Amino acid sequence: MADKQAGNLLIIGGNEDKKGECLILRKFVAMAGGRQARIAVITTATEQPRVVGDEYRTLFLELGAEAVAVLYISNRAAANDPNQAAELESATGIFFTGGDQLRLTSILGGSRADVAIRRAYERGTVIAGTSAGASVMSDTMIVDGDSSDTPKKSTVSMAHGMGLLEDVVIDQHFAQRGRINRLLAAVAQNPYVLGIGIDEDTALAVARDGACEVIGSQTVTIVDGKGIVHSNISESKRNDPLALTNIIMHVLPAGFGYDLKRRVPYMGRS
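Numbering (our numbering), first residue to last: 1 to 270.
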């Protein structure tokens, strides 16, 4: 997979390395054009936009980006500011910070900024997001859920995401917060949707053709429920344990990839 290809996404599980080799953030800068990269950082999800924005601006400049603009879009008025939209239109890379994914969708959804992001994506601008910024990439996103219990209907709460990546649902901080039950519950509700769990300091680079590459120090977990033979999701009560048979699961570290269209993993580049 080439470093730069129309429609690339970089989906980060959160808590990516910012002090060592910075492999994931370095990959984002490279995908966005390296020394020609013009990056827009969207801090909408976080409650500390100045601190978080300044941190990423410094990091991306140190990693060789040509320019970094931090967009403090904290309400609907700012999301409809034509100046903010213009910054997004001119960016070669757009980065969503972590925080609360519902802030991203509720503040950006349908705004000028939202339209600018989608136009940029269609032109080939690289879109990256960490933690909450990863969850919003899909058309359906996990917004809440208990990580300490067996899979149940009540395990997970979902909402519409930004829809940049179709037919998947993404969970982040995956192994570190024990979120396999949330992903299983999400897939049980619609087995056609592929579940993707991304560990901390790990990312999945997704190209327009569906080829994916795992980057970072931990793993990406893929839950494929398309072949489920039996599920009790429809008749079970909210707190009943789920029954699911014939689920396929892959655990993929760096050096592995996954083909979203064919739903098959591979080692190295496809």
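Hints were generated in silico from the structure; no laboratory data involved.
Keep in mind the model is a prediction, meaning the values are calculated, not measured.
Treat the hints with caution; some may be incorrect.
[As the list claims (entries may be wrong)] Below are the BS3-like pairs computed for lysine-lysine, each with C-alpha atoms no more than 25 Å apart in a straight line:
no. : residue 1 : residue 2
1   : K261      : K226
2   : K153      : K19
3   : K237      : K226
4   : K153      : K226
[Stated by the list, open to error] Derived Cβ-Cβ restraints for the label pairs, each shown as a range:
no. : residue 1 : residue 2 : range
5   : L102      : N190      : 30 to 40 Å
6   : A67       : N232      : 25 to 35 Å
7   : G163      : P253      : 21 to 31 Å
8   : Y192      : A243      : 17 to 27 Å
9   : N246      : G64       : 39 to 49 Å
10  : N239      : N83       : 30 to 40 Å
11  : N83       : D240      : 46 to 56 Å
12  : D167      : G255      : 21 to 31 Å
13  : G64       : D139      : 29 to 39 Å
14  : L102      : P253      : 41 to 51 Å
Glycine included, C-beta positions come from ideal geometry on N, C-alpha and C.
To see whether the hints hold, each was checked on the structure:
1. K261 to K226: holds (13 Å)
2. K153 to K19: violated (40 Å)
3. K237 to K226: holds (23 Å)
4. K153 to K226: holds (18 Å)
5. L102 to N190: 30 to 40 Å: This hint is violated: roughly 20 Å between Cβ atoms.
6. A67 to N232: 25 to 35 Å: Given a distance of about 53 Å, which is not inside 25 to 35 Å, the answer is violated.
7. G163 to P253: 21 to 31 Å: Holds, at about 28 Å.
8. Y192 to A243: 17 to 27 Å: holds (19 Å)
9. N246 to G64: 39 to 49 Å: Roughly 47 Å apart at Cβ, these two residues keep to the hinted range, so it holds.
10. N239 to N83: 30 to 40 Å: Violated, since N239 and N83 (Cβ atoms, about 49 Å apart) do not stay within the stated range.
11. N83 to D240: 46 to 56 Å: holds (52 Å)
12. D167 to G255: 21 to 31 Å: holds (25 Å)
13. G64 to D139: 29 to 39 Å: holds (33 Å)
14. L102 to P253: 41 to 51 Å: violated (31 Å)
The structure shown violates the earlier hints numbered 2, 5, 6, 10 and 14.
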